[in-house]
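K.L.:
With chain A held as given, fit chains B, C and D onto it using these hints.
There are 4 protein chains.
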Amino acid sequence: MIHQDRELHEECGVFGVVGHQDAAQICYYGLHSLQHRGQEAAGICCECNGKMNIYKGEGLVTEVFDQDKLKNLNGNVAIGHVRYSTAGGGGLSNVQPFVFRTMEGSMSICHNGNLVNANILKQELEDQGSIFSSTSDTEVLGHLIKRQEGHMIDRICASLDKLDGAFAFLVMLEGRIYAARDKYGLRPLSIGILSNGAYVFASETCALDVIGAKFVRDVEPGEIVRVKDGKLLSKTYTKDSLQDKICAMEYIYFSRPDSNLDGINVHTTRKLAGKQLYYENPIEADVVIGVPDSSISAAIGYAEASGIPYEMGLVKNKYVGRTFIQPTQEMREQGVRMKLSAVSSIVSGKKVVMIDDSIVRGTTSKRIVRHLKDAGAKEVHVRIASPAIKFPCFYGVDTSTIEELISNKMSVDELCEYIEADSLAFISEEGLHKSIHFDHQKCGLCMSCFNGNYVTNLYDSFDKANKFEK
Amino acid sequence: MIHQDRELHEECGVFGVVGHQDAAQICYYGLHSLQHRGQEAAGICCECNGKMNIYKGEGLVTEVFDQDKLKNLNGNVAIGHVRYSTAGGGGLSNVQPFVFRTMEGSMSICHNGNLVNANILKQELEDQGSIFSSTSDTEVLGHLIKRQEGHMIDRICASLDKLDGAFAFLVMLEGRIYAARDKYGLRPLSIGILSNGAYVFASETCALDVIGAKFVRDVEPGEIVRVKDGKLLSKTYTKDSLQDKICAMEYIYFSRPDSNLDGINVHTTRKLAGKQLYYENPIEADVVIGVPDSSISAAIGYAEASGIPYEMGLVKNKYVGRTFIQPTQEMREQGVRMKLSAVSSIVSGKKVVMIDDSIVRGTTSKRIVRHLKDAGAKEVHVRIASPAIKFPCFYGVDTSTIEELISNKMSVDELCEYIEADSLAFISEEGLHKSIHFDHQKCGLCMSCFNGNYVTNLYDSFDKANKFEK
Amino acid sequence: MIHQDRELHEECGVFGVVGHQDAAQICYYGLHSLQHRGQEAAGICCECNGKMNIYKGEGLVTEVFDQDKLKNLNGNVAIGHVRYSTAGGGGLSNVQPFVFRTMEGSMSICHNGNLVNANILKQELEDQGSIFSSTSDTEVLGHLIKRQEGHMIDRICASLDKLDGAFAFLVMLEGRIYAARDKYGLRPLSIGILSNGAYVFASETCALDVIGAKFVRDVEPGEIVRVKDGKLLSKTYTKDSLQDKICAMEYIYFSRPDSNLDGINVHTTRKLAGKQLYYENPIEADVVIGVPDSSISAAIGYAEASGIPYEMGLVKNKYVGRTFIQPTQEMREQGVRMKLSAVSSIVSGKKVVMIDDSIVRGTTSKRIVRHLKDAGAKEVHVRIASPAIKFPCFYGVDTSTIEELISNKMSVDELCEYIEADSLAFISEEGLHKSIHFDHQKCGLCMSCFNGNYVTNLYDSFDKANKFEK
Amino acid sequence: MIHQDRELHEECGVFGVVGHQDAAQICYYGLHSLQHRGQEAAGICCECNGKMNIYKGEGLVTEVFDQDKLKNLNGNVAIGHVRYSTAGGGGLSNVQPFVFRTMEGSMSICHNGNLVNANILKQELEDQGSIFSSTSDTEVLGHLIKRQEGHMIDRICASLDKLDGAFAFLVMLEGRIYAARDKYGLRPLSIGILSNGAYVFASETCALDVIGAKFVRDVEPGEIVRVKDGKLLSKTYTKDSLQDKICAMEYIYFSRPDSNLDGINVHTTRKLAGKQLYYENPIEADVVIGVPDSSISAAIGYAEASGIPYEMGLVKNKYVGRTFIQPTQEMREQGVRMKLSAVSSIVSGKKVVMIDDSIVRGTTSKRIVRHLKDAGAKEVHVRIASPAIKFPCFYGVDTSTIEELISNKMSVDELCEYIEADSLAFISEEGLHKSIHFDHQKCGLCMSCFNGNYVTNLYDSFDKANKFEK
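Protein chains in written order, with UniProt numbering: chain A, 1 to 470; chain B, 1 to 470; chain C, 1 to 470; chain D, 1 to 470.
Some hints could be false.
[Said to hold, decoys possible] Which residues of chain B face chain A? A partial, calculated answer using Cβ under 10 Å:
#1 M103
#2 K122
#3 E126
#4 S133
#5 H437
Simulated from the structure, these hints should not be mistaken for lab results. For glycine and all other residues, C-beta sits at the position ideal for the given N, C-alpha and C.
Isolated chain A, as found in the complex (with noise of 0.2 Å):
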């Protein structure tokens, strides 16, 4: 496993393009770009004249996808996800995008996020005849769709608006594409336009770039969005009140440093939290070093604002890839060490501030603080560029069962004793929430894993994340 050490998993990417020859070509792309929000699956579908071609597998887009795969892709609208886990039990058949297909004609969807009420609509569906080919909460609004009368952007916005919960949705059909936020905007949705006109649709703005495309705007909450025309139509499906309320651990952790989210840098996000962090909780020390990758831009904002010089002192290895050979117990207990190396030259005898964007289990903050004593750091001070993760998140990211969460059951100081540091403070939720809105342009953020405001409803979605198919 790539990510084995992330305590934390993003579900997954979606990526769509509409009007472009070579739209399959386009989604590889784009969806290469998104890898870092799901690395075990990726499937593209393309529909050309009322046909789907899709192809999907597990791994990583470019291990799915071969030239002659991508050349069977014909058409000029596809849709694309990358996914995180084919966990619950289905193998492939949770792989996105599903294709419904029905006398009248085919439709593909793909999506990012988790419905809160999916089981409770599931149940309905059910009642009225309705069986499910996969584990996943996208199949829902497929069956929703079908059961809807009327025009077809009608049908899909009665099917949104009794959803709960986050996502963005892709849906394709009869040569279009139809791109859907949630109410509070909790997953991000970018809007962009090639130079030939063609639209796309991708999770982060970093896909936009790589293809080349120009940020039009973000799909706002509540909206669904439609190319006609060349023209992009706009609709709010709900008439339920609309919130931003977009994840904060998108800031701070899942997206890459060069994508804008609503509008805004994640990457000087990351470095604001950084500097942030050392107003609230300076040090004194000889070295800022980050936890690669996701924690370089808030160490380097935390060398910036304390003067201490930044230095690499934790080295990853960026050939760790699926093929790789786990060490075993023994080996691991010789020293073995694969993923991050603690660079001795760098922290041999000096303060070392150590700087993570998150704590979840504590082990892997353990276990970095000991490389860095063993490598000869003097002092080990640990500066969490996130408030403490005290509660699930139901939102798409996986954060293990409550148990599991470590700030939930220690103080911050039985925290610091338990990581072996000499310190240990995290960033104030409203030192998070500066760091990201620098610019006030924006107001609201999903921070419940910090705090336990969830901003929806729950239903069983408590026991389901206990009972659920593993």
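P.N.:
Same frame as chain A, now just chains B, C and D:
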């Protein structure tokens, strides 16, 4: 492609086992012995405490599964499938078994055959809100079962009774397998028992032999069986009249020579057909040769009846697999011919009787005759162990469109000239019937591809055959 | 392993083509048709303006090469090799062809056979400073050539004359191929010509047929040929006396039935051996069956001579490839048997004559007899189309050690009892000789594995056989 | 290709371990951490009771080896190699380690570097009858050792003393490893010790860290070491004068930032070079950015020295692997750019200082400058952390031909204009020297690619560079 030269294609083979701790492995060996029925995809689904563990992929059984994948398929009930083709645009989404998930539990289904009223049923289901995730007929059964009421056995029976066409279905749920055969017995399905008392179901008896299972009996037309408390329970799922109309081409072409279908050995029927072919169409010649592999038995029969020696005048390269690089047109013109070699030292200067099992488009026969003449054969007399194929099959055999069936367009004399043979004769329908039912056990055979007397209503099948998404 | 049940193993097949723009492709098809001579590794080397383009790997020809790899092999001269085994500890380093590089140019060599004086020659070469990069005998020839003086043809001839043992060598350098056969003609080597005038060399004539080449003649024992200005030049490389002693097992076991060896068709000799076997060892029985694939011809011969019908009483699964998951011991005990199925409906209650080509360790025969009896055979009479193998082969056949040869330890009666047959008989040496040289063209055969009359001095081969690094 | 954009290429990395039961596994992890030194091929050779167990293949360490392959490599002594390129026409035949087999035993060798007198030595060896099986220089050492007399250590020393050029050699035989470095110390080679007392040798110290080995010391120029009875034995193999002339590009470009070369940390030298670059070539600007990954340290140094904030203005996609489908020309014209993204929100409207480690052909720099300007950068000032490369390297770095080195053809001003930068400056030789030898421990560096002062005679290397078979 492994069998690219074959002009007829069976759609599938099915296998199931209930009550064995190594169910997935048993299934692997069973499917492996049914590999000749479908080389394009394979899948196994195992049930373990209500959870469906499934793996499927494109390629041969040995390519799709490895040790690790097999080990992950826990459970003591399993069904599996080999598929001839992934055509239909859906790629892996059409590979079986299918899994249907509901809040009350999961169900897995696989199927050999073809339903003639699938479109009518699909339309009815859609009108009630169903959507489909594949283009396969098999999904229809899952939807029907979901919409029935009462005990599971009654729901399945009521659903099967709605189906028209050819099928051998395996339905797995709640730790049980239900095995059913269509009302006409068009597709074969046999029952066996392992030494530990576990029951197995297989498209052909060769799969029973290979896993060391004892043959119990065949599933009867219109019958559904299941195992309860170690005993076989049987039920007729329909009040319609039942027929014995097993597909004649199963004997002459599709099945393995060591299989028995409805109690009759395949090799034996082929050899008898070869003898009958001689009695009906004798010729004086120097050698009898068969087109490998399926026509060898008939050729030996012809040789025995005629007293003309059987020789190996055509040799097939057995290493032509999926990754074989096809000769370019240029190479082919230079004489590169990979699959069949005509043996000059055997046929040169000889009057040759060439036995083949069937003629579909005529191009293969023409090519083989030319090979033999290039290798020095003085005369080539072609004898075909099946009657002329003049009508398309709607029961699970891919015979191309009616326009491509050369016997639909040419008389025997014209065809003889077209394939450049010195004489050509087909076995008569009566002769074939006699060869298969030599022991009078059974009295029916589906010969619709020879005479157009279809055993079912065809509904919209003719249209569907032409319009179907390929 | 594909042929794990075979108890005899040919070491290799060679193929070469000179003067064709698609030399590598021609080579690919040629090797593919020689695949039965070696399934463990394959390689092709092409010369283009003095540069050696080579690719080799473990696996079948179709597994080692793909379109891209083949395209990279530029040049209009090519030699290739299929290898039975990569044993010897060197892995890929023992896969042929070998390339030898010097400042004056490069040379590529491949080889079928085994040298009996390799160790002596290696020691002499080492004493002069040579080192070896493989454990293969083939390298010896390269070193010898390097150390001769004069014209290249003279250097090669002088080197070949130093070799003792069995070989068919192809040496490629300076745009030419030199093809040579040992002084006894132990290993076969044929010459063909393509329609464009390009000459080809192949271990068996089936490779000529497959690429559309016309058979020209066989290379003679002690002869070296090369093509100059489109003409075949021939030379005898030795003053030693020459013999016609082609390996008898090439006819009875290794070669493809459609090949002609020294002008004699393999299938024909096998069928004659089957007939002879009947004349020498008649038995009254109900059916004759052959062990597929190599014993089918002999079985048909036996059936024709005896008037007993030939039936397909044993069926082989043709899909057992490299990635096949072997049944566990437990599975095997439960009766899982993948490679050969005994057909109950054919043998049950019958007196069966089972024809096989050879008995080496006896375990396979024992197992097949048991299968047949389990399937209901009343009596099983085993007839072997070769004499009893009592001596190891030092000429390129891997017959295991002398201790493992069961006919070395048991009389025919004891062996009959051991394999649990009702009777057992081998063809006589005279009978085999007559079957092969039915037309009196040639008069010699190497039968050393039957009678211990080795055609060469053995030097240290007995020792080497036991001490050789495996 | 993973590193297709890199314009400089190190040839290899070597790793060895002596006296550990899991030698092959240790080697695997060691090589994995040296992967940045060569991504095209990898090999491991293990000695077990005189038998060489070897496996090698094309691709990354994780692609070449799997669990099974590693398990087959028995023995408690092992050497391994990663290789930058399989160029040379020999494919796998050039992949190291090499094994040389003689009647007295086997020897395995691997090598990082390049010999300048290889052709002279090869010619001498050939005149004595040697032939070569690869185009690699490494084979020369094997031949030389074979032709010496006396104790093995003396034979190896005498052979090494004949070599001129850059090298780190590992020679394994008789259960021992001999590790040697060239007389100038051009290529690095370090010694470490595991907790069980096993010694390891590695091109870089990062490989010691990763396997939990303690750094012992570097092998000295002209030194050969081996382990006997758990102790390190050292010998100087030459009477020539020795120099400290390690390759400057090892610091600035090739090595991992966490490695120490001759006791000096790579990241630290890079950061100092960045600072020095500022002192020599200051500029007022808004942001400093580095070209990932190798220029990040220098960029941070420049930022610290200048007080200009360091930002992540260029982001690299870390998932670009071997199977990545390259954009077509058409795609590229539409703006698809996969490897580096310029971050508009960071550079737009800004005066940017862009730090890179080197300029070879200039095309990469030109493209990055254009990306930054396309992303809105107002000005781009390029600062290079190495002096201008004007001369080819003959010591194991593939710098292309002299004609392709743009600094050989253009002045700094011309080059600035060519890459469309607003200003361009290189660090001075003195500045670089000072950055690396900041602590005055060592006094020599090979800077021949900057100033043409080659540390060795070049023999025919200039010619060879042009005539070498590619």
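K.L.:
Next step is simple, just say for each hint if it's right about the structure.
P.N.:
Going down the list of hints, with the structure as the test:
no.: 1; hint: M103; result: holds, 6 Å
no.: 2; hint: K122; result: holds, 6 Å
no.: 3; hint: E126; result: holds, 5 Å
no.: 4; hint: S133; result: holds, 5 Å
no.: 5; hint: H437; result: violated, 41 Å
This entry does not satisfy hint 5, going by the numbered hints stated previously; all others are met.
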